[in-house]
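Enquirer: Single-letter residue listing:
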Amino acid sequence: MVEENKLVKIVRIAGGRGLVSKLMNMGINEGEIIKVLNNTRGPVLISVGNSRIALGRGASFKIFVEYV
Amino acid sequence: MYKIALAGNPNSGKTTVFNLLCGTREKIGNWPGTTVEKKQGYFTHQDEKVEVVDLPGTYSLSVYSVDERIARDFLIKEKPDLVVCVIDATNLERNLYLVIQLLEMGQAVLLDLNMMDRVKKARIKIDTQKLSKILGIDIVETVASKGEGINELKEKIVENLRKKEKRIFKIDYHDLEKIIEEINQLFKDKKIFDIPERGLSLRILEGDFDLLNKVKEIIPQIEKVKDKAELSSTRFIGEDLETFIIEKRYAFLKGVVKECVEKEVSLEDCLTFSDKLDKVLTNRILGIPLFLFFMYLLFQLVFSLGAPLADLIDGFFGKLAEGAKLFFENQNLPSWFCSLVSDGIISGVGSVLVFLPNIMLLFLGISILEDSGYLARAAFVMDRFMHALGLHGKSFIPMLLGFGCNIPGIMATRTLESRKDRILTILVNPLMSCSARLPVYTLFASAFFPKNQGLVVFSLYLLGIVLAIFVAKIFKHIFFKEEVAPLVMELPPYRVPTIRNVFLSMWTRSFLFIKKAGTVIFLAVVFIWLLSSLPLGAQYAGENSLIGKLGKFLTPLFKPAGFGFWQASVALLFGILAKEVVVGTLGTLYGASEEGLKEVLLQHFTPLSAYAFLIMTLIYIPCIAAIATIKRETDWRWTALAVSYSLILGWVLSVLFYQIGRLFVG
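Going down the list, the protein sequences come from chains W and Z.
Residues in the first sequence are numbered consecutively from 1, following my numbering.
Residues in the second sequence are numbered consecutively from 1001, following my numbering.
Any given hint might turn out to be false.
[Stated by the list, open to error] Restricting the straight-line Cα-Cα distance to at most 30 angstroms, the calculated cross-link-like pairs of lysine-lysine (DSSO-like) are:
1) Z:LYS1125 / W:LYS6
2) Z:LYS1228 / W:LYS62
3) W:LYS6 / Z:LYS1228
4) W:LYS9 / Z:LYS1279
5) Z:LYS1279 / W:LYS35
Hints were generated in silico from the structure; no laboratory data involved.
Bound conformation, chain W alone (with noise of 0.2 angstroms):
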């Protein structure tokens, strides 16, 4: 799992079309750089732009990022 505070670059969203679709509406998308504020044992609070998304722990493993 990625660390707090780091910034990271989506290379990969996986998963059913439902999902990969919604969380590119909502502008997560491949390349864009996000940050990961809170890694709970449960759920995951990123920042996205300047937006704070939670997103589930499932949703979060379709999610491949690398560091920048």
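Here the structure of chain W is known, so what remains is to put chain Z in place on it, guided by the hints.
Expert: Just chain Z, lined up with the frame of chain W:
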């Protein structure tokens, strides 16, 4: 008359703008999903009458939930004369996504850059002139929370409505252009929702199945063409069409933002105050204990502060009833009239209205929860817990709202993406102790458990939650085998609740309670009084009155639960009209307001049977208004299930409690 719509991302302030435009007081809140139905209002400016439709928030025209569908259907099918896109200007890129989708559909759009105060505070500069030029639409800056810029907005709305010219907005989709052109040809000379060809083509390629089905009726070959396009897209572009189109739009928007915005917030150094607060409030260890602490605080507020105020009102009603009786007797009015006013109305309605302070405090707490932005955090911290029930964190919001009233709770499930989650959340919502059950709990707890009043009431709230867990688990097991849908939810920034908002929202809801007391409860009480007084000659509320006979018919059913006397059965029966009526009925039957009522109840119930009665009140059959809402949001089968399971569960548990309890208490 012109028709305009307010659209935009969730929590961008659409309803705040709507209220300012139309002078209405629709509910606003600092969490995504406050508005889940479309609302209408009107305003007149420069002799132009304008109808305004406030839509639920949506990120795009692709829909994942019921509330988004309402917005999408309106925007596509009803084609308003103008759409005012209300935008959170601190997050331009994502908020503009919906705007360009609308522009592609040939929709006339006016852009409202809202929350400009936060933009200035973050020292972001937006070149609105440039932005307006690139998008080809007018822009108004507002701070809706402070009412700034609304006159200018009205001005621009009317100006835009009057000018008829249509601009064409186009993004270059590179490799896809050929396919788009091909589909455009199919739409030549065909009018579908008055949307231009290119707009239709893009929606079809994006996978708008509703529209596809509609188009199929007119152009049968459309499906084949779409499938072919999908195939060649995966082969030659390497991505499915939807992904490709979304990416191209975002690429365009990135360019726009780069040109028009100076200092887009850099992620590295933007740990805002809100983020710091989240470090604590959504902390993996502290999150849940803090949430429970806040709930405890709310509970304390409702009871410790509410009780003395309730006593004051009770004293007032007691005096009123006495005074009325004396007054009427002196006036030589018929005795039935005196009885109606003092036994029926004052005791019946009064015994319910006594709890107004508790209910106001409860709504005060819920309003603060909603306005501060913490509500969405509660959903976040409870996500892990909710997974245990086969639901996810977002379902927690409807449940929390259910503590105020189950109806908005049930409505709030519209934001849930999965139908399974929605139905489960609706089915268990009535188990959340709503404010209408508070009077029943409080009355019995103060009569039978004066020392542990708070604990007893708290235990009932808890029991409801525990039962919700089990019921959700069982129903999920029986009806739905699917996996848990993933949680994706935006968290709004925290803000200090404004006194105006909080009190307005508390007052609106409390007023509904008072209104209910004056209508449903009033009528129920008069009806009960009538049944108690007939047939003529029978003793008022005696065994031989109509109501006594009715009650006695039901009594055997409740005997095993320890409250086998007809007054209790009748109270439960009429409680289906509204749960407060349980208290109202007892008040009318015994012709006493709160203090007097307690004494009478002590003669009929034992502490054991009183608690069994409370268990029954908590669980059995949702009130009529809740049943109607369940029916509207699901179908009659789920409604029948909600009614029957709650009745059976309530009966079984109260009987079990009483029978097992008897072994210990004797």
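Enquirer: For the pair supplied as a hint, LYS6 (chain W) and LYS1228 (chain Z), confirm whether the alpha-carbon distance does not exceed 30 angstroms.
Expert: violated, 42 angstroms
Enquirer: Is LYS9 (chain W) within 30 angstroms of LYS1279 (chain Z), Cα to Cα?
Expert: Distance ~22 angstroms between LYS9 (chain W) and LYS1279 (chain Z) Cα, so the pair holds.
Enquirer: Are the Cα atoms of LYS1279 (chain Z) and LYS35 (chain W) separated by 30 angstroms or less?
Expert: holds, 14 angstroms
Enquirer: Need the status of pair LYS1228 (chain Z), LYS62 (chain W): alpha-carbon distance at most 30 angstroms?
Expert: holds, 29 angstroms
Enquirer: Given the hinted pair LYS1125 (chain Z) and LYS6 (chain W), is their alpha-carbon gap at most 30 angstroms?
Expert: Status holds; Cα separation ~26 angstroms.
Of the numbered hints given earlier, the model fails hint 3 alone.
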